[in-house]
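Based on these hints, arrange chain X on the given structure of chain D.
Keeping their order, the protein sequence lines are chains D and X. Each residue of the first sequence is one higher than the one before, starting from 1 at the first, in the numbering used here. Each residue of the second sequence is one higher than the one before, starting from 1 at the first, in the numbering used here.
For the record, the hints were derived by calculation from the structure and aren't laboratory data. Don't take each hint at face value.
The calculated lysine-lysine pairs, modelled on DSS-like cross-linking and capped at a C-alpha distance of 25 Å, are [claimed, not checked]:
| # | chain 1 | residue 1 | chain 2 | residue 2 |
| --- | --- | --- | --- | --- |
| 1 | D | 49 | X | 148 |
| 2 | X | 82 | D | 53 |
| 3 | D | 53 | X | 76 |
| 4 | X | 76 | D | 49 |
Remember, predicted model here, so these are calculated numbers, not experimental data.
Each chain, written out:
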Amino acid sequence: MTNFVWLLAVEAADAVEEGGGLFDFDATLPLMAVQFVLLAVALNALFYKPLGKVLDERDGYISSNRVDAAERLAKAEKIAKQYQQELAETRRQAQTVIAEAQEEAQKIAAQTVAAAQQEAQTQREQVQRELDEQKNQAMVTLEQQVDGLSQQILDKLLGALAV
Amino acid sequence: MLMIHPLVLAKLEVGEHLYWQVGGLKLHGQVFLTSWLVIGALLLVSFLATRNIQRVPSGLQNFMEYALEFIRDIAKNQIGEKEYRPWVPFVGTLFLFIFVSNWSGALIPWKLIHLPSGELAAPTNDINTTVALALLTSLAYFYAGFSKRGLGYFAKYIEPTPILLPINILEDFTKPLSLSFRLFGNILADELVVAVLVLLVPLFVPLPVMVLGLFTSAIQALIFATLAAAYIGEAIEGHGGEEHG
Numbered sequence: 001m002t003n004f005v006w007l008l009a010v011e012a013a014d015a016v017e018e019g020g021g022l023f024d025f026d027a028t029l030p031l032m033a034v035q036f037v038l039l040a041v042a043l044n045a046l047f048y049k050p051l052g053k054v055l056d057e058r059d060g061y062i063s064s065n066r067v068d069a070a071e072r073l074a075k076a077e078k079i080a081k082q083y084q085q086e087l088a089e090t091r092r093q094a095q096t097v098i099a100e101a102q103e104e105a106q107k108i109a110a111q112t113v114a115a116a117q118q119e120a121q122t123q124r125e126q127v128q129r130e131l132d133e134q135k136n137q138a139m140v141t142l143e144q145q146v147d148g149l150s151q152q153i154l155d156k157l158l159g160a161l162a163v
Numbered sequence: 001m002l003m004i005h006p007l008v009l010a011k012l013e014v015g016e017h018l019y020w021q022v023g024g025l026k027l028h029g030q031v032f033l034t035s036w037l038v039i040g041a042l043l044l045v046s047f048l049a050t051r052n053i054q055r056v057p058s059g060l061q062n063f064m065e066y067a068l069e070f071i072r073d074i075a076k077n078q079i080g081e082k083e084y085r086p087w088v089p090f091v092g093t094l095f096l097f098i099f100v101s102n103w104s105g106a107l108i109p110w111k112l113i114h115l116p117s118g119e120l121a122a123p124t125n126d127i128n129t130t131v132a133l134a135l136l137t138s139l140a141y142f143y144a145g146f147s148k149r150g151l152g153y154f155a156k157y158i159e160p161t162p163i164l165l166p167i168n169i170l171e172d173f174t175k176p177l178s179l180s181f182r183l184f185g186n187i188l189a190d191e192l193v194v195a196v197l198v199l200l201v202p203l204f205v206p207l208p209v210m211v212l213g214l215f216t217s218a219i220q221a222l223i224f225a226t227l228a229a230a231y232i233g234e235a236i237e238g239h240g241g242e243e244h245g
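Chain D with its partners taken away, still in its complex shape:
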C-alpha cells in the first residue's frame, strides 16, 4: 500500500522535472480571466438581465395585485359594515315604531275606557237627577194633596162646628 502512495509522490516529482507541476503559472491565467469576464458579459445579456427583468416585473405585478386586492377587501368590509349599521338602524326604527304603536294603542284604549266610564257616569247622574226630580214632583204633588186633604179635614171639622 505504501508503494502506491510512494508512486503518487514519484508521479508528482516527475511532472515537476518536466517543467509542469501543481503551481505551474503560465498564460492560462490571464486567458482564463478574460474568458471568465466574457462569460460574465454573455450570461448578463442571456441570463441575469432577461430573467431579472421577469422577476422584477412579476414582483411588481404581484404587489400591485395584492394592493388592489387589499383595497377591494377594505371596500367590501366597509360596505358590509355599512350594511350592518343600516340593518341595526332599521331594527331600532322598527322597535321604536312598534313601541310607539303600542303606546298609542294603550292611550286609545285608556281614552276609550275613560270616555265610556264618563258616559256611564253622566248617564247615571242624569238618571239620578231624573229620579230626584220625579221624587220631588211626587213630593210636591203629595204635599198638595196633603194640603187639600188637610183643608178638607179642616173644612169638615170647622163646618160641623160652624153649623
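Just chain X now, with coordinates in the frame of chain D:
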C-alpha cells in the same frame, strides 16, 4: 520504481498538463477544454431557459429563476439592498462557473477520454483558474471601492487606526491568496482522495467520499461567491460603516 508500474490499476497524474503553444504562449489545454464545456453548458442552459419567457414560470425557466434568486440573495446579503444590483452578474458568474466546474469534475467521467499528456478534470483544480478568479475579485472590489468613494477609498487603510496600516495593506494580498488556494486545495484534494481511494479499493468504498466531494464542491462555490461579494460590499461600505443599509 519501474517494477511497481504493472500493479497500477488506475494511474494518478498530478501536476501534468496538456501543453498548447499559442504564439509563444504556453497554455494548459485540459483546463481550457473542460472550461469550454462548462461555459458552453452554462450558456446553453441560460439560452434554453430564457428562450420563451413566461410570467408563470415552469421547467427550466423556473429552475434558472431559482438560481438567479439564490445568486441575488448572496449579493444582497453581502453588499446590501441598495448597491447589490450591478454586482449580481459578477458574483453570480463566479458562483455558477465554480459550481458547474466543480460538479463537472466530480460527476463527468473525464478519465474515459485519454489525452496525450495530463488528464481532464475540473477547471478549478488548476491553480491558474483559481488565481485568475481571485485576482478578478480583487480588481472588482478595488473598482467598487474607487467608483463609490473615489480616493476616499484609501482612508480605509488607516481605519480604525493608522497602526493597522500594514495589516490592512497585507489584507489585499491575503484575500486573493486565500480565495484561490482554498478553492484550488479543496477541489484538488477532493479529486486526489477519490483517486487514491479508487486506486486502493476500486468498488463502493470511494462512493461516500465522492458524495462528500459533491457537497464540498458546492460549498466551495458558495464560499468563493459569498466572500467575493463580502469584499465588494466592504469596499463599498467602508470600515467605518458610515452608511449602513
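Status of each hint after checking the structure:
no.	hint	in the structure
1	D:49 with X:148	23 Å, holds
2	X:82 with D:53	17 Å, holds
3	D:53 with X:76	17 Å, holds
4	X:76 with D:49	16 Å, holds
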